[in-house]
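Protein chains in written order, with the working numbering: chain W, 465 to 695; chain X, 72 to 299.
In short, the hints are calculated from the structure, not lab data.
Where hints are given, some of them may not hold.
[Stated by the list, open to error] Here are the simulated lysine-lysine pairs, DSS-like style, with alpha carbons at most 27 Å apart:
1) W:LYS646 / W:LYS631
2) W:LYS631 / X:LYS111
3) W:LYS621 / X:LYS295
4) W:LYS631 / W:LYS621
5) X:LYS212 / W:LYS489
6) W:LYS621 / X:LYS182
7) W:LYS621 / W:LYS646
8) W:LYS646 / X:LYS212
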Amino acid sequence: MAIPHPRDIQVAVVDWLDERYPFSKAVDEALYQRVPNFANAFYYCFGGMVFILIVFQLLTGVLLALYYVPDAGGNPAPAYTSVQFIQNTVYLGWLIRGVHFWSANLLIVMVLIHMARVYWTGSYRAPRELNWMVGVLMLLIILALSLTGYLLPWDTKAYFATEVTIKIAGSAPPQQLGAFIKEILQGGPVVGPPTLQRFFTLHVFVLPALIVLLMYVHFRFIRAHGISEPL
Amino acid sequence: MSDKDLTKEGPGATVATPPREIEIVESDGHGGHTLEPEWKRLPIGPDHILYPVVVGLALFPILMGDAGHHLADDMPDDETHPFFPDHFWPYPIIAVVMLIAVGLLSAFVQKNLQLEASADPRAVTIPRPDWYFLFLFQFLKLGPELIMSLVIPPIVVGALLLFPFIDAIAGPRIARRLGWKRWPVPGRNIITGTIFVAGLAFIAFLTLWALAGPNFCLPYLTGKVCGA
Chain W
465 MAIPHPRDIQ VAVVDWLDER YPFSKAVDEA LYQRVPNFAN AFYYCFGGMV
515 FILIVFQLLT GVLLALYYVP DAGGNPAPAY TSVQFIQNTV YLGWLIRGVH
565 FWSANLLIVM VLIHMARVYW TGSYRAPREL NWMVGVLMLL IILALSLTGY
615 LLPWDTKAYF ATEVTIKIAG SAPPQQLGAF IKEILQGGPV VGPPTLQRFF
665 TLHVFVLPAL IVLLMYVHFR FIRAHGISEP L
Chain X
72 MSDKDLTKEG PGATVATPPR EIEIVESDGH GGHTLEPEWK RLPIGPDHIL
122 YPVVVGLALF PILMGDAGHH LADDMPDDET HPFFPDHFWP YPIIAVVMLI
172 AVGLLSAFVQ KNLQLEASAD PRAVTIPRPD WYFLFLFQFL KLGPELIMSL
222 VIPPIVVGAL LLFPFIDAIA GPRIARRLGW KRWPVPGRNI ITGTIFVAGL
272 AFIAFLTLWA LAGPNFCLPY LTGKVCGA
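Next comes chain W alone, as it looks inside the complex (with noise of 0.2 Å):
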């Protein structure tokens, strides 16, 4: 039996799926849709690269997580040393860390820029509305990224910073209100192993699960909307 081309399989599988779904069809409208030429101004990438620096940082914390151990007992802390290591003897670990410190940076000011512009030229009015919110909600969660993952190295600047934070968080009224975010956040009476495993949790697992849930719900928005008009 002759062995078929790899073009044919690639044709057979189209096929198949297009028998079943109107595969190619859709390939089509996805691709092929027209935009206006106004979009390729410069200050409609905005949006656009707040995504590139998101997927960055997904992408250089998952690699970061492979060597981190948010363990904050003991001194020096294994939490310490992890990034020490990772820092200074991981092959390339210094790149890893200082493209996932420093797109973390520009995602803040990114995103900034992305709400002025939106601000700006009133895309945030009907029907656009609910989309804006998304974008608030996305610009608190990344700055929680950010609280959370300061803690993260565990050295003086950090624990500080957070120490800071949480007592700021817990001065809400009324008092017992401000013990319980305290607790919560603290998980024990000073600043400890326990608040690192917690930061933890929530950098890497609660809050990127919600920035990509809300970024899609974003990008469908937007989907649905189409691109705003400009000034």
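Fit chain X to the given chain W structure using the hints.
Relative to the frame of chain W, chain X by itself:
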């Protein structure tokens, strides 16, 4: 006897309705969207070696659901262009440029990446947040802690979240009172535009003040409050 011959009378009997004429709508098969004509597209069909790449690119918009009726669907052809490759091509380039930029920053700005000593609760240090929280850190010093930390920031965030509704409800009323014909977008609106620029300037001012350090004070403006 067939069902047709049955006479339906009394409560619950259906009322005979004349057959309706169903309007037939001519469809282009693409949900009303204008697509790039086939002869203008890149020749990457199902038999092309790069078709899996094209499918990979298409997966993203496909997963994002059906596109609504967009502005481009009603625009003349010369004012629009296809998503692929015309609109898509800058993004891979932007991604590469950004990756190179953050890679260079990682290589040459190592200072920010270096760790301080391992966390020790007994250490004495002035806590200082990252640059994006510096304005908030400085803002907290300008008044009673409770108001500056737990009253004003949530109000600002709430206002930001609900801004489209505030703009839609309050804007036209303000415009009417001022005798304006309409309530323009912030880029053309002296009120919301100024609020935006003033807000940014205030944030920048607080950040710079915090960055200036603990020896930098503005006694005439804020009493004894100094930088971070």
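Hints, one by one, checked against the model:
Restraint check for LYS646 (chain W) and LYS631 (chain W): satisfied, since their Cα atoms lie roughly 7 Å apart, inside the 27 Å limit. With a CA separation close to 62 Å, the supplied pair LYS631 (chain W) and LYS111 (chain X) exceeds the 27 Å bound. Annotation: proposed proximity of LYS621 (chain W) to LYS295 (chain X) holds, straight-line Cα distance about 25 Å (limit 27 Å). Distance check on the hinted pair: LYS631 (chain W) and LYS621 (chain W) sit about 16 Å apart at the alpha-carbon level, within 27 Å; holds.
Restraint check: the Cα-Cα separation between LYS212 (chain X) and LYS489 (chain W) comes to about 60 Å, which exceeds 27 Å; the hinted pair is violated. Restraint check for LYS621 (chain W) and LYS182 (chain X): satisfied, since their Cα atoms lie roughly 14 Å apart, inside the 27 Å limit. Using a Cα cut-off of 27 Å, the hinted pair LYS621 (chain W) and LYS646 (chain W) holds, with the two alpha carbons roughly 20 Å apart. Between LYS646 (chain W) and LYS212 (chain X) the CA atoms are separated by roughly 21 Å; this keeps the pair inside 27 Å, and the hint holds.
Comparing the model with each numbered hint stated earlier shows that hints 2, 5 do not hold.
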